[in-house]
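All chains, full assembly: derive it from the sequences and hints.
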Amino acid sequence: MTDVAFLLLTFFILTAQFKSQDAASIETPSSISGIKVPDKDIMTIALGKDGKVYFGVDSPQDRIAMLDNIAATKGLTFTDNEKKEFSLMSNFGLPINQLKSYLELPEAQKAQIKQPGIPTDSTGAGATNELKDWVFNSRKANNGLRIALKGDNLAKFPEFKNVLATLQAQNINKFNLITGTEAPPAGWKAD
Amino acid sequence: MAEINTGGGGGKHDGGKVRSKKASTRIDMTPMVDLGFLLITFFILATTLSKPSSMTLNVPDKTKQEETEPIKASNVMTIFLGDDNKAYYIFGKAANEDPEVKTVGYGYEFRQAIQENARKVPGDKFVVVIKPTKASNYKNMVDVLDEMAITKTKRYALVDQLTPEEIKLLKEKAKIDA
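Line by line, the protein sequences are chains A and B.
Last residue of the first sequence? That's 1028 in my numbering, and every number before it is there in order.
Last residue of the second sequence? That's 490 in my numbering, and every number before it is there in order.
It is possible that part of the hints are untrue.
Facing chain B, according to a computed beta carbon distance under 7 Å, are these residues of chain A, among others [stated by the list, open to error]: (1) Phe849; (2) Ala853; (3) Val874; (4) Gln898; (5) Lys920; (6) Phe997; (7) Leu1014; (8) Gly1017; (9) Ala1023; (10) Lys1026.
Dumping the calculated DSS-like pairs for lysine-lysine here, alpha-carbon to alpha-carbon at most 27 Å [said to hold, decoys possible]: (11) A/Lys920 x A/Lys951; (12) A/Lys1026 x B/Lys363; (13) B/Lys333 x B/Lys384; (14) A/Lys1011 x B/Lys487; (15) A/Lys873 x B/Lys363.
No wet-lab data here; the hints were simulated from the structure.
Cβ atoms here follow ideal geometry from the backbone N, Cα and C, with glycine treated the same way.
Encoded structure:
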């Protein structure tokens, strides 16, 4: 029994992929599509159930490069410490003008702050739309980034439409929707 | 738990000769096993077991205007996604031709409706137009896109704008404010 227990332990240690700490918990709908989400080179736009938009890039290097790019276009400066803090965030939902003050907060207070979401608009290219800046600058940082959308079950369609419009305005017409996996109906075969 | 007492011999034997007591070679493994199970529990809880899958969504290029052949209304099934997890559809007629609006839930019922209508259209001319309304949520949209994959409908379009006729139709026949 002990042998088996330790075998299992070894297995779980080796296969462990830790849940990353996300800005919001999102329950995705499920689909029969069996395509796996790529592990790297991916940016994730998450849509919470209250319609808030969160943005994240998978690799810390890209996060820093993205922050540098956006700081340059918006005329902001971030200290090395803030950049390091930023590179540890798997995703975030803050307007750009609140980002600096958020990064300066100690770890315990960060968790208590309710992130307001990244501003979007219905045309996808307006001046207040910050999602377009993040998408643009992250692609500038890493041109090979694929785009995944992760929506909550209860997110309303108009908010999704805003995200869609933002991507389409930048001529991004192909992306992945992250869903859970469910079994196809009996007798169904993929082509 | 792991303590099995098979302590070395010793004690009295027939011969009456007293032998030196052998120390047991067994170790009490209880703490190690406890720790092992604790770690197993931790790793089971901390891992993400089911990896999410993804469906690809391709949308038409907005910057290019391509002239396409108009689609005949008789081949088109238009699905409106309403609130309360209900979908409404019209088939074979445009919105201004007084079509019959049918209500379906998602799932099996929905699949049957698509397959039934697809059979009425010859060849591969069947087209599904998906129009989510303001009241619908993201899950509804993914469900419908998933139904397209299940029913193997090759030609479908996700359209986010409703025409004035459609808004009027939905208001009159389905009692929803689109």
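So, going through the hints one by one against the coordinates:
| no. | hint | result |
| --- | --- | --- |
| 1 | Phe849 | 4 Å, holds |
| 2 | Ala853 | 5 Å, holds |
| 3 | Val874 | 5 Å, holds |
| 4 | Gln898 | 23 Å, violated |
| 5 | Lys920 | 28 Å, violated |
| 6 | Phe997 | 5 Å, holds |
| 7 | Leu1014 | 5 Å, holds |
| 8 | Gly1017 | 6 Å, holds |
| 9 | Ala1023 | 11 Å, violated |
| 10 | Lys1026 | 10 Å, violated |
| 11 | A/Lys920 x A/Lys951 | 21 Å, holds |
| 12 | A/Lys1026 x B/Lys363 | 21 Å, holds |
| 13 | B/Lys333 x B/Lys384 | 98 Å, violated |
| 14 | A/Lys1011 x B/Lys487 | 35 Å, violated |
| 15 | A/Lys873 x B/Lys363 | 7 Å, holds |
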